[in-house]
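The primary structure of each chain is shown beneath.
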Amino acid sequence: MSTATLPTAHFDLEPMTGPSKEQLLELSMGPQHPSTHGVFRMKVVLDGERVVRLKPVFGYLHRNHEKIAESETYLGSMPYTDRLDYMCSITNNWAYALAVEKLAGIQVPERAEYLRVITGELTRLQNHACLIGFLMQDMGSSGTPLMYAFREREKILDLFEALTGARMMCNYMRFGGCRVDLPDGWLDQAKKVVADFPRFLDEYEQLLVSNEILMERTQDVGVLSRELAVSAGISGPMARASGVDYDIRKVDHYSIYDRFTFRVPLGSHGDVYDRFMVRLLEMRESVSILEQAMRAVPAGPIVDPKMKIRGFRPKPGEAYGRIEAPKGELGFYLVSDGSPNPYRYRVRPPSLINLTVLEDLCLGRNVADIVAILGSIDIVLGEVDR
Amino acid sequence: MTHLVQLAQLLDQIFVLAKHWLLGYVPAGAQPLCSAVLSVVPIIIVFPLLFAITTLLERKGLGRIQNRYGPNRVGPFGLLQPIADGVKTLTKEDIVPITADHAVHFLAPLLLVSASFMDYAVLPIGRNMVIVNLNAGVLFFFAVGSLMELAVFMAGWSSRSKYTLLGAMRAIAQMISYEVPLVLASIVVIMQAGSLSTVAIVNMQATYTGIWPHWFVFTPWGFAGFVLFMVAATAESNRSPFDLPEGESEIIAGYYTEYSGFKFALFFMGEYIGMFATSGMAITLFLGGWSAPFSFLAWIPSYFWFFAKLLVLIAVFIWVRGTLPRLRMDQLMNLAWEFMLPMTLLNLLTAGIWHFMPMGPSRWLVCSIMVAVPCILLSRGLKHKKKFQVHTYHYSE
Amino acid sequence: MNLEAIKSEIEANVPGCRLELVANPSPSGQHSLRTGAEHAVAVAVYLRDAEDLRFDFCSNVTGIDWPSREVSEKVKVRKLVDGVEQEVEEIRKTTLAGSLEVVYHLFSVEKKHGPIVLRMRTEDRDSGVHLPSLTPVWRSAELQEREVFDLFGVVFDGHPDLRRLLMWPSFTDHPMRRDYVGPDDYEYEPTAHDEVLRRAQQHRSEADETQLGEAEGR
Amino acid sequence: MVGEGILKGMAETARNFFGSFVSKDRLTTVQYPEQRELRIEAARDFPFLVYDGADWHQGMRCVACQICEKECPPKCIFIEKSKDKKPDANGKPQFYPAVFNIDISVCMSCQICVEVCPFDAIKMDVDYDLSTDDRFGGLLLNKQRLSKSNEYYRKIHPTEASAVDARLAGERARQEAKAKTAAEARLTTTAVQPASGEPR
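Residue numbers (the numbering used here), protein chains in the order written: chain A, 1 to 386; chain B, 1001 to 1397; chain C, 2001 to 2218; chain D, 3001 to 3200.
Everything labelled a hint here was simulated from the structure, so no lab data went into it. Glycine included, every Cβ here is placed at the ideal spot set by N, Cα and C. Please note: incorrect hints may appear among the correct ones.
[Stated by the list, open to error] Straight-line C-alpha distance at most 25 Å; calculated DMTMM-like pairs for lysine to aspartate or glutamate:
{"no.": "1", "chain 1": "A", "residue 1": "191", "chain 2": "A", "residue 2": "285"}
{"no.": "2", "chain 1": "C", "residue 1": "2076", "chain 2": "C", "residue 2": "2089"}
{"no.": "3", "chain 1": "A", "residue 1": "55", "chain 2": "A", "residue 2": "360"}
{"no.": "4", "chain 1": "D", "residue 1": "3085", "chain 2": "D", "residue 2": "3120"}
{"no.": "5", "chain 1": "D", "residue 1": "3075", "chain 2": "A", "residue 2": "360"}
{"no.": "6", "chain 1": "C", "residue 1": "2074", "chain 2": "A", "residue 2": "220"}
{"no.": "7", "chain 1": "D", "residue 1": "3081", "chain 2": "D", "residue 2": "3055"}
{"no.": "8", "chain 1": "C", "residue 1": "2111", "chain 2": "C", "residue 2": "2179"}
{"no.": "9", "chain 1": "D", "residue 1": "3155", "chain 2": "D", "residue 2": "3165"}
{"no.": "10", "chain 1": "A", "residue 1": "250", "chain 2": "C", "residue 2": "2052"}
{"no.": "11", "chain 1": "C", "residue 1": "2111", "chain 2": "B", "residue 2": "1397"}
{"no.": "12", "chain 1": "D", "residue 1": "3008", "chain 2": "A", "residue 2": "203"}
{"no.": "13", "chain 1": "D", "residue 1": "3083", "chain 2": "D", "residue 2": "3052"}
{"no.": "14", "chain 1": "A", "residue 1": "308", "chain 2": "D", "residue 2": "3055"}
{"no.": "15", "chain 1": "A", "residue 1": "308", "chain 2": "A", "residue 2": "285"}
{"no.": "16", "chain 1": "D", "residue 1": "3024", "chain 2": "A", "residue 2": "161"}
{"no.": "17", "chain 1": "D", "residue 1": "3008", "chain 2": "A", "residue 2": "220"}
{"no.": "18", "chain 1": "C", "residue 1": "2112", "chain 2": "B", "residue 2": "1397"}
{"no.": "19", "chain 1": "A", "residue 1": "250", "chain 2": "C", "residue 2": "2049"}
{"no.": "20", "chain 1": "A", "residue 1": "192", "chain 2": "D", "residue 2": "3037"}
{"no.": "21", "chain 1": "D", "residue 1": "3024", "chain 2": "D", "residue 2": "3045"}
{"no.": "22", "chain 1": "A", "residue 1": "250", "chain 2": "C", "residue 2": "2056"}
{"no.": "23", "chain 1": "C", "residue 1": "2112", "chain 2": "A", "residue 2": "285"}
{"no.": "24", "chain 1": "A", "residue 1": "191", "chain 2": "A", "residue 2": "202"}
{"no.": "25", "chain 1": "A", "residue 1": "306", "chain 2": "A", "residue 2": "181"}
{"no.": "26", "chain 1": "A", "residue 1": "315", "chain 2": "C", "residue 2": "2004"}
{"no.": "27", "chain 1": "A", "residue 1": "315", "chain 2": "C", "residue 2": "2073"}
{"no.": "28", "chain 1": "B", "residue 1": "1386", "chain 2": "A", "residue 2": "220"}
[Unchecked claim] Not everything, but these chain B residues come out facing chain A in the computed CB check (under 8 Å):
{"no.": "29", "residue": "1066"}
{"no.": "30", "residue": "1085"}
{"no.": "31", "residue": "1088"}
{"no.": "32", "residue": "1321"}
{"no.": "33", "residue": "1328"}
[Claimed, not checked] Estimated spans, in silico, between C-beta atoms of each pair:
{"no.": "34", "chain 1": "D", "residue 1": "3033", "chain 2": "A", "residue 2": "63", "range": "30 to 40 Å"}
{"no.": "35", "chain 1": "C", "residue 1": "2094", "chain 2": "D", "residue 2": "3091", "range": "49 to 59 Å"}
{"no.": "36", "chain 1": "D", "residue 1": "3035", "chain 2": "B", "residue 2": "1024", "range": "56 to 66 Å"}
{"no.": "37", "chain 1": "A", "residue 1": "187", "chain 2": "C", "residue 2": "2171", "range": "47 to 57 Å"}
Just chain A, same shape as in the assembly (with noise of 0.2 Å):
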């Protein structure tokens, strides 16, 4: 019982041994540079490519995200979710209504439920292979994968706004369900996509999987233990590729995840191939459950009829409710006072808390690295400053 298991390399502010502060190269990466992902920095000293500080600066995107939806009703609030991480609006709506639910005791209507879960797959599924594509970028593979990425992807955002309107803004969950229904021929439509979806996984582990040079690169780099996964609250794939056996939508068994069978993929390694291989993988079981999603969605009402649209005040309390987003757990934080607006209001995201790691990972490894594990880590801006 003590405090010692903690890593403390990272906490030494001088480095131990080696060469004196004139020999080393302090470089700032970012805000402006191809591959931080958006306005990130991070302060890096180097002894010639060797890591041997690092320091991420974050903030540059702050726009105080709380501080607004504090100010606004709890509906207003959920079209700001969208901006959070802007690559799944989905998942973060679905966040937040799951935790409006809990605080106000809401139930969801079970044809709600399925359309939750198959607008979140697919999300989930345009993440990940966008992340692989953006991964592959960075280490300088030319686009090639991110296109690929970008065409799947594309087939997805087009189901997202012929059912929402919009395609990565999609607004789309409402407290106790959605917002509207399926149109008439988008299951078939989506069943297509779904269907073809799996012949664009092969043609990526075609071009990837077992391609050396990838290997080498990403292979025991940027590896992340077991133990420090835990303790640093790393979620989600990144978590699991550690080998953390963890998914929310297995452990809190919301929503309808338990009609599902689907696989949770688990690395050994915790290294960068790892955290794309976990990725690759659940995009197949993603699949899965979207395939027996799609075979049963029920018919029925989309949102809770006793729901009015405005004038929404839930009664004191407070309640954390989170999801699996693609990129790990997404928690929302709400207390409320009676009134219309949340007196606070949180928001978990996991692309910051993944982040607090980047650190212990990129030590000793080279700037090249760097590229990589912060890729891997799959972080978008929006959600990382709020």
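Knowing the structure of chain A, use the given hints to seat chains B, C and D on it.
Same frame as chain A, now just chains B, C and D:
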């Protein structure tokens, strides 16, 4: 029939004849100078033009590889895109960092471009079409080629930026390391041809047995040498997957991060011209230079074959760029010193044995084994040492 | 998981520790434990390491600002009115001292249970804003505590690297506090609203003037 | 064997290279100004105001209740209520917005104004060619620019519009029936003269 042959010969030599015809009008004293100018000017026009076409081809080809159209807005099918690019780079502001070493910063792109152009002095781009037939042509080529490293380092150092410095560091390490296998891979050809003159090397390959040409690439050591040469050439010309010195996603644009406007365009052009030159050298050394691939195609002008081969190599460069991720610095070095260097040395040995063995299948067999087995063993060993494999994953239900 | 049981278990195992069970009236039923600052690290370590609890995953760390507020309640008081003792209703105002609260949501990866909500309170909102950092217990609190420090102004003693996270280092206020007033010095985006538009135009003319001044100064 | 994975990858890119010439599935780019995707019915970008009949001012459904202004998350709507009343499409005198501005450079297309509007007066447009260099003239839309006819609404969102039309027609019928019964009741009770000001 004889008319056709004469016509083919005329077409083949049309540029040479034209040059001599023009020289006839020049006083004898000025003839050497005029001759040089008349040889150099076409090179300075044709290869930048090829550069312009290549940028377009590369963007279009990459686009198609990535399931896009590529540039298609300027002119029909985007054919005028290079002109638009040129106008854009010419009209952009030329920004020089305030702390930069202005003179060196200015000279670096010029040096790069002039060095890469000097390479063409010894490249025979057609029958009788070479600027100077140097006795030590190949040596000259590599000597001038190493000037490009100097230019790159000048650019990286003079910009006074950390990113350019990193880029320059990488570039120097990479280019010097790969110069060794590059030269060693070409020595096999020199051993066989017994000459350092590029013209002699091509002439040796421009003969046929039946319809088949005597290109060096069609021998075991020649093939291995060609592959090794191309890998080293890719690294020399900073092309993907060895584009670390500019490593876009890591160090912005490497040594030319701080260049803009036309100086940037010069760098860009210098790189491509250099790439054409090394490809041209590979063609000269291994692919029979300007000679036709089959004897019955020999009537097509020789320069056509040179450029056709060049375009094929460029296409391969583009294809590789569209597929592979970039290596890391230490891996790049390992490849050079642990794989390329032993293989090129072995290849030298193989070429020697080939030379002293009697003609016939046994020579083929022995030499093929001598190249293939160490290659497989070495690569296996390296892979094993680093324990690279496709991981297996388990699932939790 | 019975919160009462956990509470008594912790109290039994961490000497001198008293926990307060904070009920949550919302249907979520996520009740929480409030610990005092002096025993917080011990409680956290116990929660993390105890065999049956194993809350090894600190998911969410956040702050809540409770400014001091006046609570008025009606009380019946016996009083002498006109010489007669009567029962009179009186409004009594009490001022509840403000404080900053830090909330930790803990889960267990090993046992797959949770959440348990751990809360701490500062003494006040001005100077007594020190709380022990739980980063040495759960590494995931590192960035989140920095964020709470940044946005709420809670100082975490024992945090290895307590700097502002989202705001810039020279920023002085704490924007997530309820009484934070944004500065009126940014360039307004002109909008349809007349009031904002007026301010925008004012700002713009001021900016023009300064620009003009700078140009003249050259 | 080293190089196997690389060759596999090269084969894959070659397949895509040639595939992009033959398969529509691989080359999905829509070349925007010349080609346009089919309008998706659910699409939304910025709000507009619906009017019935021919005259936009006369037929405006909006009664300046200012709910959307209040609920709009980025506060991009600005409404001033009129002092007088004008008859709406049903002839009932109603307030109308004296000023109704939407700043579409602030609007984030969330559709909450549409959801909260009790009068079906504000709907989402699908017109996306809106870029302009005129900040106020081009992007601050006033009442007149915002007004679009119900026919237009029917054209861009047919399914949604027919549901709205049916609902409005039902309401109108109910209202008329109510008015009728009221009038009849008056007739039977007073039977002096027909009620004045009966609409249409």
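To see whether the hints hold, each was checked on the structure:
For the proposed pair residue 191(A) and residue 285(A), the alpha carbon gap of about 15 Å is at most 25 Å, so the pair holds. Of the supplied pair hints, the one linking residue 2076(C) and residue 2089(C) holds, its CA atoms being roughly 5 Å apart against a limit of 25 Å. Of the supplied pair hints, the one linking residue 55(A) and residue 360(A) holds, its CA atoms being roughly 10 Å apart against a limit of 25 Å. Among the hinted pairs, residue 3085(D) with residue 3120(D) is consistent with the structure: their alpha-carbon atoms are about 19 Å apart, no more than 25 Å.
Distance hint between residue 3075(D) and residue 360(A) is unfulfilled; the C-alpha atoms sit about 43 Å from each other, more than 25 Å. For the hint pairing residue 2074(C) with residue 220(A), the CA-to-CA distance comes to about 69 Å; that exceeds 25 Å, so the pair is violated. Straight-line distance between C-alpha atoms of residue 3081(D) and residue 3055(D) comes to about 20 Å, which keeps the hinted pair within the 25 Å bound. Straight-line distance between C-alpha atoms of residue 2111(C) and residue 2179(C) comes to about 41 Å, which puts the hinted pair past the 25 Å bound.
Simply put, residue 3155(D) and residue 3165(D) have alpha-carbon atoms about 13 Å apart, close enough for the 25 Å limit, and the pair holds. With a C-alpha separation of about 21 Å, the suggested pairing of residue 250(A) with residue 2052(C) holds against the 25 Å cut-off. Of the supplied pair hints, the one linking residue 2111(C) and residue 1397(B) holds, its CA atoms being roughly 16 Å apart against a limit of 25 Å. A C-alpha spacing of about 10 Å is found between residue 3008(D) and residue 203(A), which places the hinted pair at or below 25 Å, so the restraint holds.
As the CA atoms of residue 3083(D) and residue 3052(D) are separated by approximately 22 Å, the hinted pair is consistent with the 25 Å bound. This hinted pair does not check out: residue 308(A) and residue 3055(D) have alpha carbons roughly 34 Å apart, beyond 25 Å. Distance check on the hinted pair: residue 308(A) and residue 285(A) sit about 36 Å apart at the alpha-carbon level, beyond 25 Å; violated. Using a Cα cut-off of 25 Å, the hinted pair residue 3024(D) and residue 161(A) holds, with the two alpha carbons roughly 21 Å apart.
A distance of roughly 23 Å separates the Cα atoms of residue 3008(D) and residue 220(A); the hinted pair therefore holds under the 25 Å criterion. For the hint pairing residue 2112(C) with residue 1397(B), the CA-to-CA distance comes to about 14 Å; that is within 25 Å, so the pair holds. Our distance criterion of 25 Å between C-alpha atoms is met by residue 250(A) and residue 2049(C), whose separation comes to about 24 Å. Annotation: proposed proximity of residue 192(A) to residue 3037(D) holds, straight-line Cα distance about 19 Å (limit 25 Å).
Distance hint between residue 3024(D) and residue 3045(D) is unfulfilled; the C-alpha atoms sit about 28 Å from each other, more than 25 Å. With a C-alpha separation of about 18 Å, the suggested pair residue 250(A) and residue 2056(C) falls inside the 25 Å cut-off, and the hint holds. Restraint check for residue 2112(C) and residue 285(A): satisfied, since their Cα atoms lie roughly 21 Å apart, inside the 25 Å limit. Distance check on the hinted pair: residue 191(A) and residue 202(A) sit about 18 Å apart at the alpha-carbon level, within 25 Å; holds.
Restraint check for residue 306(A) and residue 181(A): satisfied, since their Cα atoms lie roughly 17 Å apart, inside the 25 Å limit. A hinted pair counts as satisfied when its Cα atoms are at most 25 Å apart, and residue 315(A) with residue 2004(C) qualifies at roughly 24 Å. Distance hint between residue 315(A) and residue 2073(C) is fulfilled; the C-alpha atoms sit about 20 Å from each other, no more than 25 Å. As the CA atoms of residue 1386(B) and residue 220(A) are separated by approximately 10 Å, the hinted pair is consistent with the 25 Å bound.
Here the hint on residue 1066(B) is kept, as its CB sits about 4 Å from the closest CB of chain A, short of 8 Å. At a threshold of 8 Å, the smallest CB-CB gap from residue 1085(B) to chain A is about 18 Å, leaving the interface hint violated. Against a cut-off of 8 Å between C-beta atoms, the interface hint on residue 1088(B) is violated, since the closest Cβ of chain A lies about 20 Å away. For the restraint placing residue 1321(B) at the interface with chain A, the shortest Cβ-Cβ distance is roughly 5 Å, inside the 8 Å limit, so the hint holds.
Because the beta carbon of residue 1328(B) sits about 5 Å from the nearest beta carbon in chain A, less than 8 Å, this interface hint is met. As the Cβ distance of residue 3033(D) to residue 63(A) is approximately 34 Å, the hint placing it in 30 to 40 Å holds. Distance hint check: the CB atoms of residue 2094(C) and residue 3091(D) are about 58 Å apart, consistent with the given range 49 to 59 Å. Checked against the hint of 56 to 66 Å, the pair residue 3035(D) and residue 1024(B) passes, with Cβ atoms roughly 58 Å apart.
Checking the proposed 47 to 57 Å range against residue 187(A) and residue 2171(C) shows it holds: the Cβ atoms sit about 50 Å from each other.
Hint check: violations occur at hints 5, 6, 8, 14, 15, 21, 30 and 31; the rest are consistent with the structure.
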